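S.K.: Now for the letters of each chain:
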Amino acid sequence: MIQQLVMYEEELQQINRICETLHRDSNARAVLVIDKNGQAIASAGDVQELDVTSLSSLTAGNVAATGGIASLLAEKEFAGQFLEGEKTNYHISIVGQRVILVVLFDERSSLGLVRLRVRKAAAELTVTLEVMVRKSAAGSGQPSVFSEITDDDIDNLFND
Amino acid sequence: MSFINYSSREINCKIVYYGPGLCGKTTNLQYIYNKTNPEAKGKMISLATETERTLFFDFLPLSLGEIRGFKTRFHLYTVPGQVFYDASRKLILKGVDGVVYVGDSQLERMEANIESLENLSSNLQEQGYDLNKLPYVVQYNKRDLPNAIPLAELEEALNPTKVPSYEAVAPKGIGVFDTLKAVAKLVLTELRKGG
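Chains as they are written, first to last, in the numbering used here: chain A, 7 to 166; chain B, 31 to 225.
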């Protein structure tokens with residue numbers, strides 16, 4: 007059985023709002039919310055020039071590898087990471103053990119400010135995620151739009 | 031774990047290519063990448079050593095089109111095949127929706143094939159998955175090599191549960207898309223069951 011994570015309009019709007027507030031309050035270049043399995047969930051800021059899909063996969067891989075190191079050291083997890091570049095810095099934090107919150111920032115901001123704002127955003131995000139997980143679980147017992155998918159629908163995807 | 035976004039009307043699924051070192055997992059992804067329209071694919075990422083052995087994973091995001099108004103996106107991953115990268119393999123299996131096991135048809139790789147298959151099964155179990163219940167297909171790669179052993183022997187050794195299996199020559203693309211389509215169909219069928 008596949009365990010699904012389902013995102014509905016209301017929660018996505020809340021997550022987008024949290025991202026936008028964090029982007030503004032931390033003077034960041036961009037903010038990303040990524041599922042721990044590497045799927046991009048939401049973003050804010052200057053993301054047009056970013057390859058969000060690749061960043062999401064690599065960040066999730068990075069967090070997974072760090073989590074592996076943590077368990078070898080009998081740590082629960084390393085909640086955050088900071089990658090310092092010449093121009094761009096990359097702040098990674100795990101929220102609600104479920105998603106990854108990334109802040110990209112440059113010299114217009116500082117690590118201290120980003121940390122401060124991330125803490126507030128993470129608390130809000132945790133609440134929204136709990137609702138999302140509850141809704142996903144409650145929805146799994148009900149017929150979804152996918153129950154109506156036919157073999158033809160699936161076959162049609164592969165007719166090149 | 032498939033991720034369904036009702037807001038942006040997207041389904042995201044994760045498929046992992048598993049198998050022993052040098053069996054052709056990365057070659058499968060490279061062929062898919064080379065033969066897919068630019069608008070249907072993202073960048074292929076390979077975290078490899080200087081000698082082009084997979085160090086952590088390869089990653090290829092692929093859009094297959096729409097199904098009932100939902101964009102279907104598949105994220106293809108390979109694992110590092112070499113035995114000592116087991117910790118990395120476990121990480122990549124997290125959240126998997128479908129598995130392709132790529133076996134090497136060469137006689138001298140049979141032991142490595144079996145070891146990798148057992149490793150797949152136990153690593154999945156560790157994550158709470160059961161290989162018998164997961165969308166899963168088998169590919170026998172390198173069918174063009176002179177030392178390839180007969181299909182029936184491979185089937186007996188590597189496919190006891192008789193899941194769909196495909197013969198392949200990955201650098202030439204033979205069997206590559208058949209394998210991908212088969213596992214993608216199984217994943218979507220599983221989704222239909224309400225997962």
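The set of hints was computed from the structure by calculation and includes no laboratory data.
Treat the hints with caution; some may be incorrect.
[Stated by the list, open to error] Partner residues are not named here, just some residues of chain A that face chain B (Cβ under 10 Å, in silico): (1) E17; (2) T27; (3) G74; (4) G86; (5) Q87; (6) F88; (7) E90.
None of these values were measured; they are calculated from a predicted model.
Even glycine gets a Cβ: it sits at the ideal position worked out from N, Cα and C.
S.K.: Among all the numbered hints in the text so far, which are the ones the structure does not match?
M.R.: 2, 4, 5, 6 and 7
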